[in-house]
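Residue numbers (the numbering used here), protein chains in the order written: chain U, 1 to 470; chain Z, 471 to 825.
Some hints could be false.
Unchecked claim - Taking lysine-lysine pairs in the DSS-like style, the calculated list, with each CA pair at most 30 Å apart, reads:
1) K68/U with K582/Z
2) K150/U with K46/U
3) K430/U with K270/U
4) K50/U with K661/Z
5) K87/U with K719/Z
6) K582/Z with K46/U
7) K318/U with K73/U
8) K270/U with K139/U
9) K453/U with K286/U
10) K87/U with K281/U
11) K166/U with K139/U
12) K411/U with K286/U
13) K318/U with K582/Z
14) K271/U with K256/U
15) K281/U with K46/U
16) K463/U with K453/U
17) K453/U with K410/U
18) K73/U with K582/Z
Calculated directly from the structure, the hints in this document are not laboratory data.
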Amino acid sequence: MKSNRRNFLLLAVCAVSLSACGSGGDSSSNSSETVKPATVDGAIEKPVLKLGFIKLTDMAPLAIAKEKGFFAKEGLNVILEPQANWKVLLDGVIGGQLDGAHMLAGQPLAATIGYGTKAELIAPLSLDLNGNAITLSNKVWAQIEPDLEKGADGKPVHPISASVLKPVIASYKSQGKQFKMGMVFPVSTHNYELRYWLAAGGIEPGYYTPGDVGGTVGAQAALSVTPPPQMPATMEAGTIDGYCVGEPWNQAAVQKKIGVPVITDDEIWKKNPEKVLGLRKDFAEKYPATTAAILRAIIKAQQWLDVDGGKNRVEAVKILARPNYVGADEAVIGASMTGEFTFQAGDTRPAPDFNIFFNDYAGYPFYSDAIWYLTQMRRWGQIAEDQTDQWYLDTAKAVYRPDLYLTAAKKLEDEGIIPADSIPESDGFKGEQSGFIDGIIYDGRAPNAYLAKFPIGLKAGQKVTNSGVN
Amino acid sequence: MATVAANPTESDTAVEDMVKPRPLNDAARAEPAAPVAASAGVSNRSLVNPKLLVAWLKNLAAPIIGILAFLALWAVLAPQVDTSLGSLPGPVKVSAQGVALFDEWAAVQEQKAEFYAAQDASNAAALANGGETRNFEYSGPPTFLDQIWTSLTTVALGFFLATIFAVPLGLICGLSKTFNAAINPIVQIMKPVSPLAWLPIVTMVISATMTDPDPTLPKSFVISAIVVMLCSLWSTLINTAIGAASIDKDLLNVGKVLRLGWFAKLTRLVLPSALPYIFTGMRLSLGVGWMVLIAAEMLAQNPGLGKFVWDEFQNGSSQSLARIMFAVIVIGLIGFLLDRIMMLLQNFASRNRTV
Chain U
1 MKSNRRNFLL LAVCAVSLSA CGSGGDSSSN SSETVKPATV DGAIEKPVLK
51 LGFIKLTDMA PLAIAKEKGF FAKEGLNVIL EPQANWKVLL DGVIGGQLDG
101 AHMLAGQPLA ATIGYGTKAE LIAPLSLDLN GNAITLSNKV WAQIEPDLEK
151 GADGKPVHPI SASVLKPVIA SYKSQGKQFK MGMVFPVSTH NYELRYWLAA
201 GGIEPGYYTP GDVGGTVGAQ AALSVTPPPQ MPATMEAGTI DGYCVGEPWN
251 QAAVQKKIGV PVITDDEIWK KNPEKVLGLR KDFAEKYPAT TAAILRAIIK
301 AQQWLDVDGG KNRVEAVKIL ARPNYVGADE AVIGASMTGE FTFQAGDTRP
351 APDFNIFFND YAGYPFYSDA IWYLTQMRRW GQIAEDQTDQ WYLDTAKAVY
401 RPDLYLTAAK KLEDEGIIPA DSIPESDGFK GEQSGFIDGI IYDGRAPNAY
451 LAKFPIGLKA GQKVTNSGVN
Chain Z
471 MATVAANPTE SDTAVEDMVK PRPLNDAARA EPAAPVAASA GVSNRSLVNP
521 KLLVAWLKNL AAPIIGILAF LALWAVLAPQ VDTSLGSLPG PVKVSAQGVA
571 LFDEWAAVQE QKAEFYAAQD ASNAAALANG GETRNFEYSG PPTFLDQIWT
621 SLTTVALGFF LATIFAVPLG LICGLSKTFN AAINPIVQIM KPVSPLAWLP
671 IVTMVISATM TDPDPTLPKS FVISAIVVML CSLWSTLINT AIGAASIDKD
721 LLNVGKVLRL GWFAKLTRLV LPSALPYIFT GMRLSLGVGW MVLIAAEMLA
771 QNPGLGKFVW DEFQNGSSQS LARIMFAVIV IGLIGFLLDR IMMLLQNFAS
821 RNRTV
């Protein structure tokens with residue numbers, strides 16, 4: 001009896017997922033069918049779970065879901081284990097030591113298309129929006145600060161364009177040095193945001209040859225992978241001149257007075273998608289009720305973090321400051337999570353949107369977000385060949401699973417826990433987005449047309465070799 | 471190692487005492503003083519104790535002064551290292567973090583008790599209502615003591631694997647020159663490889679072979695133990711080979727005369743003769759293994775002391791450096807303890823032997 005019911009449920013989930021996938025036609029079709037939730041019922045199949053995370057403040061939904069009992073209430077016994085770095089975390093999920101993890105949005109996409117270890121990973125939930133910043137060393141700041149446009153209060157006008165770095169890069173070049181910056185992982189949101197900002201300012205951030213993770217072909221500013229905890233020390237030592245990373249590492253630089261954050265990623269792309277919850281595809285297929293329970297618990301945690309304009313944020317900071325979660329000093333974590341962001345001692349500006357966990361449909365995994373990351377992978381050469389618009393759509397639909405998100409969210413709405421207007425009626429696309437620093441409009445339905453709009457970046461038909469872009 | 475056989479004309483107790491090995495630790499050092507006094511004919515016990523005490527204190531004086539001098543130097547120099555990334559903590563801050571770690575452990579014990587009490591209560595209520603009971607284990611983060619225990623068990627497994635692999639191989643190497651010549655190049659090439667270079671290879675092999683989604687031993691544990699084995703087996707292997715090769719040729723000839731089979735030859739002649747060397751090798755291997763373990767744990771995600779250090783490094787809080795230094799001291803103390811245990815075993819195995 002039980003196995004028959006389980007088989008039926010599996011079939012139902014597959015059928016619904018397939019029907020949601022099958023709505024896409026050719027590149028110009030309107031895939032405007034609203035995404036439907038998967039049907040799931042039944043007992044939790046795997047109540048003891050291990051989720052991995054990296055020590056960054058946007059793992060908050062996981063920590064809150066555990067500490068506030070949201071996981072326990074769903075019948076789950078969850079162990080949260082910090083991982084050494086993003087590669088170890090990814091291998092842990094793929095290899096089965098972790099049931100799921102706090103992941104960079106690019107990781108399940110890259111794994112599915114085979115960039116790096118090939119594996120079928122899905123992202124049924126987006127953990128947050130925004131949350132990163134770009135910090136420059138004191139030395140570089142001293143060189144650019146006098147020429148910055150200042151407001152009436154004498155403080156620099158934001159957003160600061162990367163074009164202010166052009167004279168610095170030129171002076172480095174005349175001395176035979178390379179301008180270097182750090183980011184956290186080749187397919188990290190930080191990499192793409194940093195490259196977007198540099199390119200918007202007219203600086204070449206380098207291209208990837210097929211199969212290489214260096215990405216410095218033709219670069220005026222060379223980017224390299226640096227683990228977040230080593231970023232302040234590496235910048236202090238002069239090995240890198242700046243970095244793009246999540247919190248608490250930008251505020252840590254401010255507090256130690258070794259660097260100056262110049263722009264938050266909210267100013268590069270307003271309300272950009274950041275981390276996701278990454279699961280193995282076979283995990284979600286094998287344990288649908290457990291997956292739904294995990295998502296329900298995390299959505300409740302996300303709501304708790306954003307409720308009433310952030311009244312719970314102070315308590316959240318206290319929880320995150322514990323050594324087994326983020327572990328940084330409370331003051332440093334609080335400097336970005338409680339509605340403000342400090343750019344320099346004496347220059348604290350309001351930043352209520354620095355971390356968004358629940359508002360503005362932050363949890364819904366939009367296909368257009370996945371497609372944006374895929375376009376940036378193509379823009380810099382990590383995807384070596386041109387792809388059709390249909391390919392982008394199919395890949396996004398294979399990895400991002402709003403159907404699973406809706407299952408969990410609808411149940412919470414039925415129980416009256418979350419308001420109905422927090423769940424979008426959507427076909428998975430956000431429509432035209434205009435919040436970018438360079439003013440280019442992004443429409444997720446036309447990725448190739450979007451790629452053609454960039455002055456800097458691979459154009460259709462171009463390939464990268466060690467000698468340059470052809 | 472042990473002293474040579476004594477002059478048989480002396481009294482029996484004296485002979486025994488001179489043949490007894492002379493260990494380096496202080497408590498045992500005090501022992502010879504008593505028999506010396508006894509054989510000198512002085513049986514008054516009250517005279518023995520002060521001499522004992524004085525000798526004991528003299529032996530302790532130098533190390534204690536050394537430790538105090540080091541602590542003083544540390545306390546003076548540490549605050550002077552004041553970089554923008556923070557200052558080096560002195561001994562006071564580090565010991566404060568040690569106390570904090572103990573407090574955290576105590577708090578977790580309380581939370582565990584509360585968790586199980588709450589689970590029992592809800593189970594009782596569920597049983598009364600005919601619902602299902604849950605049997606979860608406490609899922610909080612591991613405490614410092616848990617991490618020490620994990621590290622010790624991992625190094626034990628790695629060391630055990632290294633020994634059962636290296637000792638037989640070493641014996642064969644020592645007894646057969648051709649075999650030794652055959653595997654010597656491979657041994658010499660693999661010996662200097664760092665644990666962090668083995669780690670990705672071992673990880674891939676283990677991930678491919680351990681496909682059970684719910685294994686009895688966690689993958690990270692097995693990976694760390696195997697990396698320890700790969701890096702620490704060389705000392706035991708080489709020392710065993712030397713021990714087996716340097717067996718007295720006369721003994722081998724006796725074995726040929728008596729027409730001993732290979733098993734008897736092994737257990738009666740080779741092993742007893744090579745035992746001191748084997749234990750020396752094992753002692754060196756354990757020291758290397760403990761060092762390698764801490765490095766391997768940082769990346770293999772085995773929840774031991776290495777992971778504690780790496781996680782604290784990632785925390786980057788103002789207490790992180792002090793906690794890391796406390797962990798370093800604990801790692802050193804445990805390594806010292808393990809070395810002493812191995813040394814006692816080594817001395818036990820080498821009694822009544824010549825060097």
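Would you mind confirming whether the straight-line C-alpha gap from K453/U to K286/U stays at or under 30 Å?
Violated. K453/U to K286/U sits at ~42 Å, over the 30 Å cutoff.
Hint check: K87/U vs K719/Z, CA-CA at most 30 Å. Holds or violated?
Roughly 56 Å between the alpha carbons, so the hint for K87/U and K719/Z is violated.
Does the alpha-carbon distance linking K68/U and K582/Z stay inside the 30 Å limit?
Holds: K68/U and K582/Z sit about 16 Å apart, inside 30 Å.
Given the hinted pair K281/U and K46/U, is their alpha-carbon gap at most 30 Å?
Answer holds: K281/U to K46/U is near 15 Å, not above 30 Å.
Given the hint that K150/U pairs with K46/U, does the C-alpha gap stay at or below 30 Å?
Answer violated: K150/U to K46/U is near 57 Å, above 30 Å.
Taken at face value, is the distance from the CA of K139/U to the CA of K270/U at most 30 Å?
Cα-Cα ~29 Å, so holds.
Below or equal to 30 Å on CA atoms is what counts here, so check K166/U against K139/U.
With a Cα-Cα distance of about 15 Å, the restraint between K166/U and K139/U holds, given a limit of 30 Å.
Does K73/U lie within 30 Å of K318/U when you go C-alpha to C-alpha?
Holds: K318/U and K73/U sit about 22 Å apart, inside 30 Å.
30 Å Cα cutoff - pair K582/Z, K46/U
22 Å, holds
Decide if the proposed pair is consistent with the structure: K453/U and K410/U, CA atoms, cutoff 30 Å inclusive.
Violated - the C-alpha atoms of K410/U and K453/U are around 38 Å apart, more than 30 Å.
Does K50/U pair with K661/Z here, judged by a C-alpha cut-off of 30 Å?
36 Å, violated
Given the hint that K73/U pairs with K582/Z, does the C-alpha gap stay at or below 30 Å?
18 Å, holds
In the structure shown, a violation is registered for the earlier hints numbered 2, 4, 5, 9 and 17, in ascending order.
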